[in-house]
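Asker: Here is what each chain is made of, one letter per residue.
Protein chains: 2
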Amino acid sequence: MATITYPNHMEIDHGAIKKIGMALEKNGIKRPLICTDKGIIAAGLYDTLRNAIPNDVEFTTFDGTPPNPTEVAVKDALALYRENNCDGIISIGGGSSIDLGKGVALSVDHEGPIGNWSTVKGGRDSIGACPPIIAIPTTAGTGSEVGGGSVIITEEGHKVVIASPELLPKMAICDPDLTLGLPPILTAATGMDAMAHCIEAYLTPVINPPAAAIGLDGLERVVTYLKRAVEDGQDKEARWHMMMAASEGAMAFAKGLGAVHSMSHAVGADPVLKAHHGTLNAILLPTVLRFNAPHVPEKMKKIKAAMGLSNQDDISDWILSYSISLGLPRNLSEIGVTKEMLPGFAEHCMTDACHFSNPVQPTVDEYISMYMDALNQ
Amino acid sequence: MATITYPNHMEIDHGAIKKIGMALEKNGIKRPLICTDKGIIAAGLYDTLRNAIPNDVEFTTFDGTPPNPTEVAVKDALALYRENNCDGIISIGGGSSIDLGKGVALSVDHEGPIGNWSTVKGGRDSIGACPPIIAIPTTAGTGSEVGGGSVIITEEGHKVVIASPELLPKMAICDPDLTLGLPPILTAATGMDAMAHCIEAYLTPVINPPAAAIGLDGLERVVTYLKRAVEDGQDKEARWHMMMAASEGAMAFAKGLGAVHSMSHAVGADPVLKAHHGTLNAILLPTVLRFNAPHVPEKMKKIKAAMGLSNQDDISDWILSYSISLGLPRNLSEIGVTKEMLPGFAEHCMTDACHFSNPVQPTVDEYISMYMDALNQ
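Chains as they are written, first to last, in the working numbering: chain B, 1 to 377; chain U, 378 to 754.
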């Protein structure tokens, strides 16, 4: 049975941030809480937003979003929300600010620890109405602007996923001009995250042809435009297509994700390594695709075609070369992973939600073997 | 500026009609009005639905949907809705039953002639909340189950379009088994309608990459499966893919449509010819594509690739042969169109909404010339 739902209202264009007034009005928001971080303020993007907000809108700003959003930060932002009698949220930033905004929106009318509303505790069904969120991404990678999910670190230090159509931003304002100043290395890492979403989503066994088609389209865009965006951050055309590709990646993963993500989540949970999610996905894609390929030969042909490769080309080699050419690390060793860590990571993979939507479920030994490949590839 | 919104919750699978109980419960419908027609009852599809509805649901049935839904029929159905204190609508049938259901849903809380709420009178903005609609298509063509638009003939005899996100069915239950008994000629005509949607939507200049990708995917499905569904109505796999392709066609035409549709609407409005919309689209596609091709060479390449044609192949010739092989008429003469009618049709085209989203706007003379091509091709 294929259950197909589609996301939200998106506005995408150079200068789309000027649509913020319309977005607020359309959603009846008069006193928004802006969720962002200090990097966005330093980069001048917050000022761009502020200048675009109509004069009669009384906004409040929370700029304390951590790189990985926490329940503590959600509570701080919620206090500001209540204090200023806010009636909706504008999230501007990378996935963190958008995820934090979802945590705040949830907490307004849902009491108790945030973990009580997690997907594993049945949150998808129990989460009721939440105040409206307007999402304005400033990277092109996570696609959180078109999804209803959010990852929050609880007060006990656990990463939990909250997800509901209620948390889907009412509008995604995708203004690629906000990404013109994104440094090459972050452009590369977030862009490879989008590539991983497009490929992994396409490969899951979940039947959702529209999402699959969107994934292949996003993949073609990443292959065509990511390198251009990395080499010239001011390439507006490339930035537009990468912004689109990132949203498409997230639309596609309505189909779920696979072992690249289960493996990436395991390494990403290590508090010492502090590895970047997109970078990890880039490193792990080649080995996981080698593992998956024999199980999904027809889909691999379609993926190669979307990438402009022939069916004889080695897709894993191609992705590794592409990723290195973008300035990303070649293997897990380069980011501090050691052989001793691998069994623990492999165990972690076995319970990750993405493990179950890979074309076939790897065993612990197969995970270790893939990690070994990625360690010194 | 690309404005991208996406449609509704879809359930697609053999036997998906069993989801009706879930659909009613999820949308709080306890006393639905079923909108259908006598053909659906004769074909046994109404019984299939009735058997799938939970026992505690008190439904009322309106079976008087005309082939082209009218305001008069909407009023009759509305009277039943009010009399039985209904709280939602189930539409089961082709585009007509689904469009009629939308008319009823609109009329419950929107007074005055239906024409007052048409898109040309600003209905898209003025239409407020409507009761929920569950749409169950029994043909694979119009895609009305994933759209918020409806065409109704007013009491004055005008065809008006009403459209609003409020009229988008809350759930589309796409059960390809309901199409197993659809006769070959109707399978062919409705299937070619889906093809026209996919191609025309892809060609419009509106920027909406996800919708474009979905259109190409739907097109590939039509080319692969329509002939199989026509030649063997019991081919369940082909029926599944055609059902999906039809919905994808309608998802794609979030991008708008083009001159095939403006020309088809003009002929279709003739009360004597009573020409089938899908049949007209099939006849008109070849000549319109010949007209459009020089203006959109890159897009034509992508369309040909999705169809499995080489860039050297003549797409118009291919479509004409395909359509004839499905048993559809070769040209407009065969369905009673004469040369004298063409100038009137061409004038009609110039004000049709689809005229404006064609890659370039044909002149009256160009329309006449295309009609001439289609008259005796």
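I should point out that these hints are in silico values taken from the structure, not numbers from a laboratory. Do not rely on the hints blindly, as some may be mistaken.
Cut-off 27 Å, straight-line C-alpha distance, at most; resulting in silico cross-link-like pairs (BS3-like, lysine-lysine) [said to hold, decoys possible]:
#1 B:K301 x U:K613
#2 U:K681 x B:K304
#3 B:K170 x B:K159
#4 U:K536 x U:K651
#5 B:K301 x U:K678
#6 U:K536 x B:K302
#7 B:K227 x U:K676
#8 U:K536 x U:K716
#9 U:K716 x B:K299
#10 U:K678 x B:K304
#11 B:K170 x B:K26
#12 U:K679 x B:K227
Chain B is faced by these chain U residues, among others (derived, beta-carbon under 8 Å) [what the hints assert, rightly or not]:
#13 I418
#14 A420
#15 P587
#16 A590
#17 L593
#18 D594
#19 M621
#20 E625
#21 M628
In this text, a Cβ means the ideal position worked out from N, Cα and C, and glycines have one as well.
Asker: Verify the interface restraint on A590 of chain U: the C-beta must sit less than 8 Å from at least one C-beta of chain B.
Answerer: holds, 4 Å
Asker: Hinted pair, alpha-carbon criterion (27 Å max): K536 of chain U, K716 of chain U. Please report holds or violated.
Answerer: holds, 24 Å
Asker: Using 8 Å as the Cβ threshold, decide whether L593 of chain U counts as touching chain B.
Answerer: OK, holds: L593 of chain U within 8 Å of chain B, min 7 Å.
Asker: Quick one, are K536 of chain U and K302 of chain B close enough, alpha carbons at most 27 Å?
Answerer: Distance ~43 Å between K536 of chain U and K302 of chain B Cα, so the pair is violated.
Asker: Assess, step by step, whether the Cα of K227 of chain B is no farther than 27 Å from the Cα of K676 of chain U, and give holds or violated.
Answerer: holds, 24 Å
Asker: K301 of chain B and K678 of chain U were given as a pair; does the straight-line alpha-carbon distance stay at or below 27 Å?
Answerer: holds, 19 Å
Asker: Please check whether E625 of chain U passes as an interface residue: C-beta within 8 Å of a C-beta belonging to chain B.
Answerer: Constraint on E625 of chain U satisfied, holds at 6 Å.
Asker: Regarding the hint that I418 of chain U lies at the interface with chain B, is the smallest CB-CB distance below 8 Å?
Answerer: At 27 Å from the nearest chain B Cβ, I418 of chain U fails the 8 Å test, so the hint is violated.
Asker: Does the closest beta carbon of chain B sit nearer than 8 Å to the beta carbon of P587 of chain U?
Answerer: holds, 5 Å
Asker: Using 8 Å as the Cβ threshold, decide whether M621 of chain U counts as touching chain B.
Answerer: Holds. Min distance 5 Å.
Asker: If you draw a straight line from the CA of K678 of chain U to the CA of K304 of chain B, is it 27 Å or shorter?
Answerer: Holds, at roughly 18 Å.
Asker: CA of K679 of chain U to CA of K227 of chain B, is that 27 Å or under?
Answerer: Given pair K679 of chain U, K227 of chain B holds - Cα atoms ~23 Å apart, limit 27 Å.
Consistency with the previously given hints fails for numbers 6, 9, 13, 14, ordered from lowest to highest.
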